[in-house]
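**Q** These are the residues of each chain, in order.
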Amino acid sequence: MGVTIQDTELLLQFRDPATREKGFTAIIKKYQEKLYWHIRRMVVEHEDANDVLQNVFIRVWNGLENFREDSQLYTWLYRIATNECLSYLEQQKRKSSASLDEMESGLSNKVVADKYFDPNKLEWKLQLAIQQLPEKQRVVFTLRYYDEMPYEEMSRVLDTSEGALKASYHHAVKKIEDYILNH
Amino acid sequence: MEERNEISVELSAISALVGGISRQTPYGVPVGYFNQLPVAVMRRIAPPPTFQVPDGYFDGFAAQVLNRIKSGADELPPIFSRISRVTPYQLPEGYWEELSPLLAVCRDKPAYAIPEDYFDELSPVLTVAHDRSAYRVPEGYLGALAGQILEKVAPNVVRPVAEPVAGMRLAPARVIPMERGNSGKVLKGNWWKYSSVASIAACLLLIFSWPQVDTRMGEGNVTAMISQGLAKVSDQEMQTYLEDQHSLLVDPLDKSTATLDMNEGDVKSLLGDVSDNDLQQYMEEHGKADDLATN
Numbered sequence: 250m251g252v253t254i255q256d257t258e259l260l261l262q263f264r265d266p267a268t269r270e271k272g273f274t275a276i277i278k279k280y281q282e283k284l285y286w287h288i289r290r291m292v293v294e295h296e297d298a299n300d301v302l303q304n305v306f307i308r309v310w311n312g313l314e315n316f317r318e319d320s321q322l323y324t325w326l327y328r329i330a331t332n333e334c335l336s337y338l339e340q341q342k343r344k345s346s347a348s349l350d351e352m353e354s355g356l357s358n359k360v361v362a363d364k365y366f367d368p369n370k371l372e373w374k375l376q377l378a379i380q381q382l383p384e385k386q387r388v389v390f391t392l393r394y395y396d397e398m399p400y401e402e403m404s405r406v407l408d409t410s411e412g413a414l415k416a417s418y419h420h421a422v423k424k425i426e427d428y429i430l431n432h
Numbered sequence: 021m022e023e024r025n026e027i028s029v030e031l032s033a034i035s036a037l038v039g040g041i042s043r044q045t046p047y048g049v050p051v052g053y054f055n056q057l058p059v060a061v062m063r064r065i066a067p068p069p070t071f072q073v074p075d076g077y078f079d080g081f082a083a084q085v086l087n088r089i090k091s092g093a094d095e096l097p098p099i100f101s102r103i104s105r106v107t108p109y110q111l112p113e114g115y116w117e118e119l120s121p122l123l124a125v126c127r128d129k130p131a132y133a134i135p136e137d138y139f140d141e142l143s144p145v146l147t148v149a150h151d152r153s154a155y156r157v158p159e160g161y162l163g164a165l166a167g168q169i170l171e172k173v174a175p176n177v178v179r180p181v182a183e184p185v186a187g188m189r190l191a192p193a194r195v196i197p198m199e200r201g202n203s204g205k206v207l208k209g210n211w212w213k214y215s216s217v218a219s220i221a222a223c224l225l226l227i228f229s230w231p232q233v234d235t236r237m238g239e240g241n242v243t244a245m246i247s248q249g250l251a252k253v254s255d256q257e258m259q260t261y262l263e264d265q266h267s268l269l270v271d272p273l274d275k276s277t278a279t280l281d282m283n284e285g286d287v288k289s290l291l292g293d294v295s296d297n298d299l300q301q302y303m304e305e306h307g308k309a310d311d312l313a314t315n
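Just so you know, the sequences run in chain order A and B. Count the first sequence with the working numbering and you get residues 250 to 432, in order. Count the second sequence with the working numbering and you get residues 21 to 315, in order.
With the rest of the complex left out, here is chain B (with noise of 0.2 Å):
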C-alpha cells in the first residue's frame, strides 16, 4: 500500500496525464485460459504415463519365441483336424476359355512383329556397307607371304620365286648358257638331264648310305670309302661330268641365285618326272644297280 502511495506520487510528479490513466490493461483473455495453464504446462514437463513393461521383459524374448514354435504351441485347435483343408469352391468346366475370349485367342499368338525388311529400311547404310569389307590387301601379298616367312626363318634355304610385289626388287634370273664342250660337240637336253641325275644319285649315294658307316670309324675311313666309291667311276664319265659342271664352278658364286644345299624334299621333286627305267638305264650305264637309290 505504501509502495503504491510512492508511485502514485512520483508519477504524478513527473506527468500528471500519465498520473490519472487507469491502469487496467485493456487486452483481453479467454475465458478459462487461466484454469487449464497448470495442466497445460504439467503436460508439456511430465507426459503421461506409458505402459509399463516388466523387467526383463525383452530378455531371452527370442528364445522363448523359438522354444513355443518349437513345441508347436501354436498349432491349431483339435476341432481343425476334423475340417478337410480342400478347398470347397469348384469352377465351371471351362470358365477361364470363357473368361476372356480374346485373351484365349491372343494367347498363342506373338503380340510383336517386325515389319519385312525392317531391318534393311532401318539404316540403308549400314545394308550397303554389310557385304563391303572396310580392309583391303595389297596385291600379291599373300602369295609373296610364304616366301618372306621362309626368308626370315631360313634364309639359306631355296625357295620358291614368289610373284613381285610393289617395292619388292627380284634381281633378274640368271640365264645358264648351254656351253659346248671341249670336244666341240653341242650339249643335248638329255645329256644335261642325265647329269644332274648323276650328281644327285651321287648325293644320295653318299646321304643313305651314311648311316652305314661306323661312327666309332674316323674322318680317314671315311675319305676312304669315298675314294673306293670314285674308283668305279671311269674316268670319261668324270671328266663329261666335270665339263659339264665347269660353268658353275667358274661363275663367282654371287651371281648365282641357286645355292647346292638340296634337302631330301628337293631331289624328290627333281626325279618325280624320272622313270625308275630311265633310272635304272642311267644306273646300268655308269654305276653298280645296288648303289641305285631311288624314290
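Extracted from the complex, chain A is given alone in its bound form (with noise of 0.2 Å):
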C-alpha cells in the first residue's frame, strides 16, 4: 500500500521549491501529534519527547526528497521517530553508565513524579507496567495497543517479522496483567 493521496499531495509540495516549507510545514501539523505520543510513552518527560521529536522531523526534512513512496508516508516517519527513541534511550544509558535494571526503575521514576500521576489509576499503572518491558517489547505493544498498528505495518516500521510481532505483543500483554496484578 502506498500514500495516500493526501500524502502524494503533500509530497508534491514539499518537492516543490517554491512550496516546500508550506507542504512540509503541513506534514507537521498532521503527522505531530501521533508521533509525540509514540515518543512520549517511551520517553515519559515532555522536554525529552520534544527534543526527540523535532531531532525525527529534521530528519524528514533532510531525508524526504529521497522517500521512495513503496510504504506509506506516515510508516516511514514512526520508523524515524521508532529508531530515534532507541537512540536517545542507549544515549542516556551511556550517559548514565546505567544498566537496563536501573533505566527501567529511573523511567518508572519519571512517571512517578509525572504532576498528573494517580496510583490508582489503572492507566498510570499500564505505564508504570509498559515501562518493565525491553524496550523492542515496548515498542510492539505501544504501536499495536495505543496506535492500532497492524503487524504489517509494524513489521515494516521494527523490520522485523510479523510471527515474531505477534508473539512478542502477546508475551508484553502477559507481563502487564501480572505487573497489575501485583502492584
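Simulated from the structure, these hints should not be mistaken for laboratory data. Some hints could be false.
Claimed, not checked - Counterexamples of contact, computed for chain B against chain A with all Cβ distances above 10 Å:
#: 1; residue: Pro97
#: 2; residue: Ser101
#: 3; residue: Pro121
#: 4; residue: Leu142
#: 5; residue: Leu226
#: 6; residue: Gln301
Unchecked claim - Interface residues of chain B toward chain A, partial, derived using beta-carbon atoms under 7 Å:
#: 7; residue: Glu23
#: 8; residue: Arg24
#: 9; residue: Ile27
#: 10; residue: Ser35
#: 11; residue: Ser42
#: 12; residue: Arg43
#: 13; residue: Pro46
#: 14; residue: Gly48
#: 15; residue: Phe54
#: 16; residue: Leu57
#: 17; residue: Pro58
#: 18; residue: Val61
#: 19; residue: Ile65
#: 20; residue: Met303
Stated by the list, open to error - The following residues of chain A were derived to be distant from chain B, with all beta-carbon distances above 10 Å:
#: 21; residue: Glu258
#: 22; residue: Leu261
#: 23; residue: Gln303
#: 24; residue: Leu335
#: 25; residue: Ser336
#: 26; residue: Tyr337
#: 27; residue: Gln340
#: 28; residue: Ser345
#: 29; residue: Ser346
#: 30; residue: Gly355
#: 31; residue: Asn358
#: 32; residue: Gly412
#: 33; residue: Lys423
By construction, the Cβ of each residue, glycine as well, lies at the ideal position given by its N, Cα and C atoms.
With the hints as a guide, bring both chains together as one complex.
**A** Set out below in C-alpha cells:
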C-alpha cells in the first residue's frame, strides 16, 4: 500500500522549492501528535519527547526528498521516530552508565514524578507496567495497543517478521497483566 | 474500524484485564505545544534570513576606501574651518603644584635608599673574602720565570742565575781559581781585568771590522787579515794571554757553566764600569789606538 492521496499532495508540495516549507509544515501538523505520543510513551518526560520529536522532523526534512513511496508516509515517519527513541534511550544509558534495570527504574520514577500521576488509576499502573518491558517489546505493545498499527505495517517499521511481532505482543500483554495484578 | 475491533478481540483473548483499561495516555501536554511545534521545527531547519550584501561588494572594497582617503572625501564640513583648533580650556596658575603638595615635594627625592653598610652586612662572608685572593703563586716563581722562558727560547744564551725554586736543581757555581803563572807570580786582579779586556777587545775588533771586509773576498783573504792583526801583538803579550786562558782551555767544557758566546749587550755590561781612560791606556800599551773599539 503506498501513500494516501493526501500524502502524495504533501509530498508534491514539499518537492516544489516554492512550496517546500508550506508542504513540510503541513506534514508536521498532520503527524506531530501521533509521533509525539509514540515518543512520549517511550521516554516519559515531555522535554525529552520534545527534543526527540524535533530531531525526527529535522531528519524527515533532510530525507524526504529521497522517500521512495513504497510504504505509507506515516510508516516511514514511525520508523524514524522509533529509531530516534531507541537511540536516545541508548544515549541516556551511556551517559549515566546505567544498566537496563536501572534505566527501567529511572523511567518508572519519571512516571511517578509526573504531576498528574495517580497510583490508583489503572492507566497509570499500565504506564508503570509498560516501563518494565524491554525496549523492543515496549515499542511493539505501544504501536499495537495505542496506535492500533497492523502487524504488516509494524513489520516494516521494526523490520521484524509478523509472527515475531505477534509473539512479542502476546508476552508483553501477559507481563503487563502480572504487573498490574501484583502492584 | 475493522482493525480496531480485531485488536480489541485479540487483547481480550490474551488478558481481559488489560483489554478493559482505557487507552487514553494519562500524560499531560503543555498548552499550545502543538501550535508552536511547526514554527520551532522550521526555525531549526531554515534560520531567518539575514541581511543581504550586493554581489561583488567586497571585491575592490579596500581600493575604494583608499581612494576616498586620498581624495579627502572624509574631510570635515566647511563650518569646521571657522572653528579654532585651540582648546579654550585653561588651567589656573600653579594648579598642578597645588593639586598635590606632597607629590611636588617628593618629585626630586628618590623614593628608595639603601641603608649604610647594607652590602657589607648582606653577606659577611663576601665582605671578608673581598680582599683575599683565591689563587696563590709558588714562592720565587715570578723571579725564575724569565730564566725559564729564555731556556726554552734560546737554550745557548747566557742567562742570569735565577733564584732557587722548589724542585729546581742548580749545579753548584764553578769557582775558577786564580792560578799562578809560569813565572810563579800571583796574578793580581788588575791583570785579570786587563786580560779580559784584551780578549774582549779582540773580539770587538773582529766584530766591528768585519763589515769592512769585502764580501767578495774569499776565506783565505780573511785569514790573512787576522794574521796581520795578530802580528801587531807581541809574543810576551800573547803568552800572558794564553797563560791566563790556560785554565779555561784545559778544563773540560762540560764543567763550564758559561759559554764563550757573547752578544753586544754582554760586552757593554762587562765594560760598563771601565772608564775610557783605562781602556785608552790599555790599548796604548797593547795595541793601536785606532783599533780600539769603545763604547
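**Q** State for each hint whether it applies.
**A** Here is what the structure says about each hint:
1. Pro97: Holds, because the least Cβ-Cβ distance between Pro97/B and chain A comes to about 49 Å, which exceeds 10 Å.
2. Ser101: holds, 57 Å
3. Pro121: At about 68 Å from chain A, Pro121/B clears the 10 Å cut-off, so the statement holds.
4. Leu142: The claim holds: Leu142/B sits with its nearest Cβ about 63 Å from chain A, beyond 10 Å.
5. Leu226: The claim holds: Leu226/B sits with its nearest Cβ about 116 Å from chain A, beyond 10 Å.
6. Gln301: Holds: least Cβ distance 128 Å, greater than 10 Å.
7. Glu23: holds, 6 Å
8. Arg24: holds, 5 Å
9. Ile27: holds, 5 Å
10. Ser35: holds, 4 Å
11. Ser42: Cβ of Ser42/B sits 5 Å from chain A, so the hint holds.
12. Arg43: Check passed: Cβ of Arg43/B comes within 6 Å of chain A, closer than 7 Å.
13. Pro46: Holds - the Cβ of Pro46/B comes within 7 Å of chain A, reaching about 5 Å at its closest.
14. Gly48: holds, 5 Å
15. Phe54: With a closest approach of 6 Å, the Phe54/B hint holds.
16. Leu57: holds, 5 Å
17. Pro58: holds, 4 Å
18. Val61: Nearest chain A Cβ about 5 Å off; hint holds.
19. Ile65: holds, 5 Å
20. Met303: Result: violated, 126 Å to nearest chain A Cβ.
21. Glu258: Its Cβ never comes within 10 Å of chain B, the nearest being 17 Å, so this holds.
22. Leu261: Answer for Leu261/A: holds, closest chain B Cβ roughly 19 Å.
23. Gln303: violated, 6 Å
24. Leu335: For Leu335/A, whose nearest Cβ neighbour in chain B is about 19 Å away, the distance exceeds 10 Å, so it holds.
25. Ser336: Given a closest Cβ separation of 18 Å, the condition holds.
26. Tyr337: Holds: least Cβ distance 17 Å, greater than 10 Å.
27. Gln340: holds, 19 Å
28. Ser345: Ser345/A is indeed farther than 10 Å from all Cβ atoms of chain B, at 22 Å.
29. Ser346: Correct as stated: the minimum Cβ-Cβ distance to chain B is 27 Å, above 10 Å.
30. Gly355: holds, 16 Å
31. Asn358: holds, 15 Å
32. Gly412: Its Cβ never comes within 10 Å of chain B, the nearest being 14 Å, so this holds.
33. Lys423: violated, 7 Å
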